[in-house]
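Asks: Residues per chain are reported as follows:
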Amino acid sequence: MTDAEIKNAIFEGLRKIAPESDPNALSLDADVRKTLDIDSYDFLNFLIGLNEKLGVEVPEEDYGKLRTMKDMVDYFSARISQSSAK
Amino acid sequence: MPSLGADMGAAILMHWRVKPGDKVKRGDIIADVETDKGLIEIEVFENGVVDQILAEPGKKLPVGTVLAVIRGEGQAAAPAIMPRPAAAPPPKPAPEAKPPVRVAPTPRPRASPLARKTAQDLGVDLTAVKGTGAGGVIEQTDVLQAAAMMKEEKPLAPSEKFRRAIAAVMSRSNREIPHYYLATEIDMRRALDWLTAKNAQRSLKDRLLAAVLLIKAVAGALHDVPELNGYWIDDQLQKKDAVHVGFAIALRQCGLIAPAIHDVHLKTLDELMVAIHDLVPRARAGRLRSSELTDATITVTSLGDLGVKSLFGVIYPPQVALVGFGKIVNQPWAEAGAVVVRPILTATLSADHRATDGLRGAQFLETLNDHLQTPEKL
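Protein chains in written order, with our numbering: chain A, 20 to 105; chain B, 2 to 379.
Rather than coming from a laboratory, the hints here were simulated on the basis of the structure. Check before you lean on any hint, since a few could be wrong.
Unchecked claim - Okay, derived cross-link-like pairs now, PhoX-like style, lysine-lysine, Cα gap no bigger than 25 Å in a straight line:
#1 B:118 with A:53
#2 B:328 with B:310
#3 A:26 with B:60
#4 B:199 with B:26
#5 A:35 with A:72
#6 B:206 with B:26
#7 A:53 with B:206
#8 A:84 with B:310
#9 B:206 with B:378
#10 A:84 with B:199
#11 A:35 with B:206
#12 B:310 with A:53
#13 A:84 with B:241
#14 A:72 with B:206
#15 B:60 with A:84
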């Protein structure tokens, strides 16, 4: 899966939980949760949605690694590469 | 028409989901009504048979209007009754659209012929127009100005209606309830360690949020201090045995709402999480049930996700208490003669001084802390 496809999946997930927002307007280093006003419940649902799309189960201790859009793309890209290398 | 909150004076009956002769049981949804808080599903509170439908969909009806007659199980059919409005007008009706202006002033206001014709063309009521001409005569410019102002009075958008509903109930609360406020700091290390260990064994779908521990701990504390669980009605405290927690849910662009999670005292943490997964999307979609709007016996609200350390809320009448939670912050904490770093949560209580005193409030916060120190028992 390419980074662009991962980014699309992230955008789709964000639009689902914050339909009034435009994820395209996010800069790569913006704090996604703060910028889009995503609370713990929404964030959990966002990760559940991404798990269904990308097949990545994010452990709770990794939540802090998903602050910005760049963080997210890098994280999921690495996790997907790891699982396909196995 | 049931009252679906202290702020509701009337609602529009949108449609029936039952017809005469249908069997219904407690909890069935029988109709949908449109309120300032969105489309609400009306439940029935007893088993029986729909005997008569008395209200037509599409009408705005005051609280108390008889909508239908439900015959209890084994009862004979009631004699037909005519639809009737509520006996008394609601205490605080929701803001209504202004009635259409009439061009039939009595007595006849003083206006120039041109102003009179313009008023007729534009549908402006001259009795409501202030004249600026000689001797107060209404001129055409006065009419045009009045017409322009009428145009600006558009019907309210749902978010504006919602905001007004919140404004009405919060103003009433601040006016009528003598609030007192208390705060305490709670070491969340044990609760969070327990939660982390639990969630580590679970898939994303089954994970618990810290919010469910807090809600359940509130129910536990209310068991010990029941005076905070109930309503202030008719100048007296009505304590409730069941704990129905009004859980504040942000509606993103449109305020917040605190629908009831029923029987929190009887639910496990997993059941509470399921209830939240069910409630939040419905609240945001404007698809709550009548009992969820009316049954809360206390409200729990959290602004921790936004970085707020403590909050002192406004009680939702006729409830007598609101518990607020802020952000869990790592900070220095004295323990056993040493200073350590702990995740600290500031819990606050806003309570109705008519129903309780600060002493009971303090006992509540203390026991809330106790419950959070033994998360495995929640």
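Asks: Take the hints in turn and mark each one as holding or not.
Replies: Going down the list of hints, with the structure as the test:
no. : hint             : verdict
1   : B:118 with A:53  : violated, 57 Å
2   : B:328 with B:310 : holds, 5 Å
3   : A:26 with B:60   : violated, 48 Å
4   : B:199 with B:26  : violated, 38 Å
5   : A:35 with A:72   : holds, 13 Å
6   : B:206 with B:26  : violated, 32 Å
7   : A:53 with B:206  : holds, 23 Å
8   : A:84 with B:310  : holds, 23 Å
9   : B:206 with B:378 : holds, 23 Å
10  : A:84 with B:199  : holds, 20 Å
11  : A:35 with B:206  : holds, 17 Å
12  : B:310 with A:53  : holds, 16 Å
13  : A:84 with B:241  : violated, 44 Å
14  : A:72 with B:206  : holds, 14 Å
15  : B:60 with A:84   : violated, 53 Å
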